[in-house]
Each structure stands twice: as structure tokens, then as C-alpha cells.
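Visitor: Sequence:
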Amino acid sequence: MGGTAYGLGYRDVKSGFVVPTDLDPIERHPKAVRPGERMRMHNPMCYGCGEDSPHGLHLEMYAGEDFTVTAAMTVETHFEGGPGVLHGGILTTAFDDVMGMAPLLVGPSAVTVHLEVDFLRPIPVGSTLQFRATLLGRQRRKLYTEGVAHIGDPDQPVATAHAIFVSINAREHFAEHIDKSQISDEYKQRLSRP
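Our numbering applies: residue 267 is where the sequence shown begins, and numbers increase by one.
Just to be clear, a hint being listed does not mean it is correct.
Computed spacing ranges between beta-carbons, pair by pair [stated by the list, open to error]:
id : residue 1 : residue 2 : range
1  : Glu-293   : Pro-349   : 24 to 30 Å
2  : Val-284   : Thr-343   : 34 to 40 Å
3  : His-324   : Arg-387   : 20 to 26 Å
4  : Arg-306   : Thr-394   : 28 to 34 Å
5  : Asp-318   : Thr-343   : 18 to 24 Å
6  : Asp-384   : Gly-302   : 25 to 31 Å
7  : Val-379   : His-295   : 19 to 25 Å
8  : Arg-304   : Ile-434   : 36 to 42 Å
9  : Asp-421   : Val-284   : 31 to 37 Å
10 : Pro-310   : Val-284   : 31 to 37 Å
11 : Phe-283   : Asp-318   : 43 to 49 Å
Simulated from the structure, these hints should not be mistaken for lab results. Cβ coordinates follow ideal geometry from the N, Cα and C atoms, glycine included.
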């Protein structure tokens, strides 16, 4: 056991997330990106995947076989939390974005309603994190995902995550907020069209 004054180390804490056993069957959407192809960003100003986000992670995500998404991220010095290691909030953001792409393999956009991350090891600045997200299934509008991050060896994860997303109509969902976005007026008009 890890040691603290309370007898419990950070590596001893595990998620209580439970995936329902009665998930609905899922099928890859006919218009979904094919395995090996890059997935499109959902917003050019998104902090996670947006190409135009000035300080973002700029994650490039790729569709995998079945219901998986992969991505890689270099742990840059400005992502530092504790001395020489990745900030947990940055890791959580990356998981949110990578796992949030998996629902696009089966249908329309979805938003995060629950996200849990288990931090298993410190992640050094300068390393390259590999992510793999898997869509586990759905219950009506709820989509269940899991994610794993590792540095080099997939059998030695540095973090794992679980999330629930809910499918939405993106135009309706973001309608009252779009005027606050930094996206271009052209992109705003495109999102506003029926």
C-alpha cells in the first residue's frame, strides 16, 4: 500500500464508475470516419482539438477499428503542474476531448455529463502521451466510454478514465452561447443554419 499519514496513497484510490450491463447494441454510423483517418475537430477554437485555439492542446485524433479513437500529445513545459510533471487538469481535458470523439463514430454530437480520471503515475514534462478511447455502448442518449493513456508501453498505463456523454442537437444546444464564441463569423453562420 502507498503510504500517507492516513494509510492510503494516491495509487490506492480507484474509480467507482460502473458501466451498465444492459447497454443497447451500437453500429458504426455509415458516414463515420474510416479507421486510420483523422477525425474532424468539432470547433476550431476548442481548447482540446481546435487548430485555431491559441493556447490549446491541438490534439489530432484518429478513428480506430470498431469504436476506438487514438491521439498523441507531447507534454509541453507550459502544461506543468507539480515540478516537472503534467498538470492533472490538462490530462483531464485531453481525456475529455479524445473520449468525446468516440460517440461521433455512431451518431451525432454528444456532450460530457460525467468524467472520472484515475491518475496512476506522474507524467513527466517532455514525454509523449498516447491515448486510446473506446465507446463501450449506449443507453438511449447516454454513451459510455473508457480511456487509457500511456507513455510507450500500452500495458503500463499512466492514467485511465471513464465518461458518460449525452447525444445532442448541437445547433440547439449551443444556440444561446454561440455569440460568445471566438470562432469566425462565417463558422457561426454555418452553425446557425438549419
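Visitor: Next, verify each hint and record whether it holds.
Guide: So, going through the hints one by one against the coordinates:
One distance hint, 24 to 30 Å for the beta-carbon pair Glu-293 and Pro-349, is violated here, with the actual separation near 47 Å. The given range of 34 to 40 Å is respected by Val-284 and Thr-343, whose C-beta atoms sit roughly 38 Å from each other. One distance hint, 20 to 26 Å for the beta-carbon pair His-324 and Arg-387, holds here, with the actual separation near 24 Å. Between Arg-306 and Thr-394 the C-beta distance comes to about 23 Å, which lies outside the given range of 28 to 34 Å.
With their beta carbons about 22 Å apart, Asp-318 and Thr-343 fall inside the hinted range of 18 to 24 Å. Between Asp-384 and Gly-302 the beta carbon distance is about 29 Å. The supplied range of 25 to 31 Å therefore holds. In this structure, Val-379 and His-295 meet the distance hint of 19 to 25 Å, their C-beta atoms being roughly 21 Å apart. The beta-carbon spacing between Arg-304 and Ile-434, approximately 23 Å, falls outside the hinted interval of 36 to 42 Å.
With their beta carbons about 24 Å apart, Asp-421 and Val-284 fall outside the hinted range of 31 to 37 Å. Between Pro-310 and Val-284 the beta carbon distance is about 36 Å. The supplied range of 31 to 37 Å therefore holds. Checking the proposed 43 to 49 Å range against Phe-283 and Asp-318 shows it is violated: the Cβ atoms sit about 33 Å from each other.
This entry does not satisfy hints 1, 4, 8, 9, 11, going by the numbered hints stated previously.
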